[in-house]
Structure formats: structure tokens, C-alpha cells
Amino acid sequence: MPSLFASYLRVYEPLTAFDRDRQSYWRRYVNEGRAIAPLEGPVRQRTAVIEALGAGWTRLPDLPDEAYVLETDDTLLVCPWNLRIRVAEAALSARDGVPSVLADAFVPPILAGQAKAVVEDWRSGARVLEHGVPRVHEQIATWGVPLRWFVLFESAERHFVTDPARRALRYRTEISKARRRSSRALSVLRKSVGEAPITEAVEEAARWLEEFHPRSVVELDYGGLVQLLPDETLAADDSTDLVATGLAGLSRGEAEEASAAYDKLVARWRAVQLLERCN
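So our numbering is basically just the index in the sequence shown, starting at one, shifted up by 7.
In short, the hints are calculated from the structure, not lab data. For glycine and all other residues, C-beta sits at the position ideal for the given N, C-alpha and C. Don't take every hint at face value.
[Claimed, not checked] For lysine to any residue, the following SDA-like pairs were computed, each having C-alpha atoms within a straight-line distance of at most 25 Å:
#1 Lys271 - Gly231
#2 Lys123 - Asp103
#3 Lys184 - Leu83
#4 Lys123 - Lys184
#5 Lys123 - Pro71
[Stated by the list, open to error] What follows is a list of derived Cβ distance ranges for each label pair:
#6 Ser190 - Gly120: 32 to 42 Å
#7 Ala278 - Gly40: 36 to 46 Å
#8 Val273 - Pro68: 31 to 41 Å
#9 Ser183 - Ser162: 12 to 22 Å
#10 Pro204 - Arg174: 43 to 53 Å
#11 Glu161 - Thr79: 17 to 27 Å
Working from the sequences, and respecting the hints, build out all of it.
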């Protein structure tokens, strides 16, 4: 379930990425004024999941077909929530690395079987071809922003709103730019550090982007994290620049420059992660 103190990486796809039925559905959805703003979305998602699950965690519920929407002069872009898939994946993740007795107590075998079937169907090529829907459109990270996400953006693409009623910090860019940046970063990392965890993380992000329509828009939203940090800290946040500096240092063989940028970035976000333990 979505956390209130989380960041989000989203892909908004144009209607042409969806099959005819889905295109009609999303057009009606927007025309009826049902689209939900990103500021309201996480709470609505939590409410929908909790109400659908009910008192018992015994079945995989049907959940509302909702989405975030971006409208430009000539294009309507949609980021579906895919809540049923995300709940199924969460159910399976909850069983990973846990003794079977505890796993069955948290996620009963019947529910786990339903979740596995839903996830396998979703990921199958037949599902993608039939419905024109790639992987889940939104990734979530609690109590921080994964460093690999910053690779996809530049500081000029940042939008910071200080109005208390609409306070937000987000980046948006064309998916073609995000793909080029991830490809360049991956090349630098492979040459400089090899198959390290950071290389694998950037590669995973790059593969995820490849599954979407070439006219999509990618968004990094600080989400509930903006409630943890004052305006001054958010205004001075140069995480994308630090990532760029680190990669540039690696590409020139200047390990100290790259290490300094990386250490500063890690320290900044570790401080945010530690807030989870505050009483």
C-alpha cells in the first residue's frame, strides 16, 4: 500500500499506447472530471486498498480503475494506477525471505496463489499484446528517493511549488531524454565500476522505460517527502546535479570528484531515511 512519506516515479503514456476500449474509457474518465491530482492520489490509493481488502487479508480484491492525467495542447497522457497488480506484487513480496509459517499468517496461500496468477498474466506477452498495456506505470519508494531515479532528469526540469495548499517538488521530462540519460549513465558505470549494484539499478530503470510509448512523459514526484523538509532544504536540493557531477567525474577518471558527489548525495538521503525511526 502507498506510504504517505514516499516518492514516486511515474510514466504518463499518450492514449495511442492503449487499445481502443481503454482509449474510450480514459477519454470518458477525463471528460467526467474523475481524474485525481497527484497530491490527493496516495491517500485515495491507501483508502481504496484498505476498503477493498476489508478486515481479512484473504482474497485479491477488485480495485477501481483510476489514473493520473496530464493534458497538453494536443495530447492527453495517462498514468494508470494499476492498483490490483501492485497489491498482488506486494502480497508476493511480503512472503519473500519469511519462514513459511509467518508467510502463511501474513499472506494466506490462497491469496498468494491468486496474486501469482495475476502477476504472471500481467507480465506475459499475450497480456501486453492483447491490452496494449506495459508494466506498472508508477514506482514507489518510501522515506527517500532512489539515486538511480535522479539519472533520468536535469535540474532545469524541476518544478517546486511553495504554496502550502499545493506544496510539491517534481521533475518531468520526455521519455526519450530519460532513456538517453540512462543509457549514457549505464555506459559510464559499466566502464568505471563494472557490474556493481548501482549499475544493475540503473540498468533496471532503463529496461523499465523501454517498455513504454516513445511519446510518454516521465515524472519524479517527491510526494509526501516534501512534508518532512522545509522550503529552504527543498529549494537547495541539487540531487540531479550531484548525480551528473558524479557521472562526469567517473567518465573522466576523476574518482575523488565522483566519490565526493556520491558521498554528499548518500548523506543527504540517509538523513531523510533516518526520519522513519523518529518517535
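Evaluated hints:
{"no.": "1", "hint": "Lys271 - Gly231", "result": "holds (22 Å)"}
{"no.": "2", "hint": "Lys123 - Asp103", "result": "holds (13 Å)"}
{"no.": "3", "hint": "Lys184 - Leu83", "result": "holds (19 Å)"}
{"no.": "4", "hint": "Lys123 - Lys184", "result": "violated (34 Å)"}
{"no.": "5", "hint": "Lys123 - Pro71", "result": "holds (20 Å)"}
{"no.": "6", "hint": "Ser190 - Gly120: 32 to 42 Å", "result": "holds (39 Å)"}
{"no.": "7", "hint": "Ala278 - Gly40: 36 to 46 Å", "result": "holds (40 Å)"}
{"no.": "8", "hint": "Val273 - Pro68: 31 to 41 Å", "result": "holds (38 Å)"}
{"no.": "9", "hint": "Ser183 - Ser162: 12 to 22 Å", "result": "holds (19 Å)"}
{"no.": "10", "hint": "Pro204 - Arg174: 43 to 53 Å", "result": "violated (33 Å)"}
{"no.": "11", "hint": "Glu161 - Thr79: 17 to 27 Å", "result": "holds (20 Å)"}
The structure shown violates the earlier hints numbered 4 and 10.
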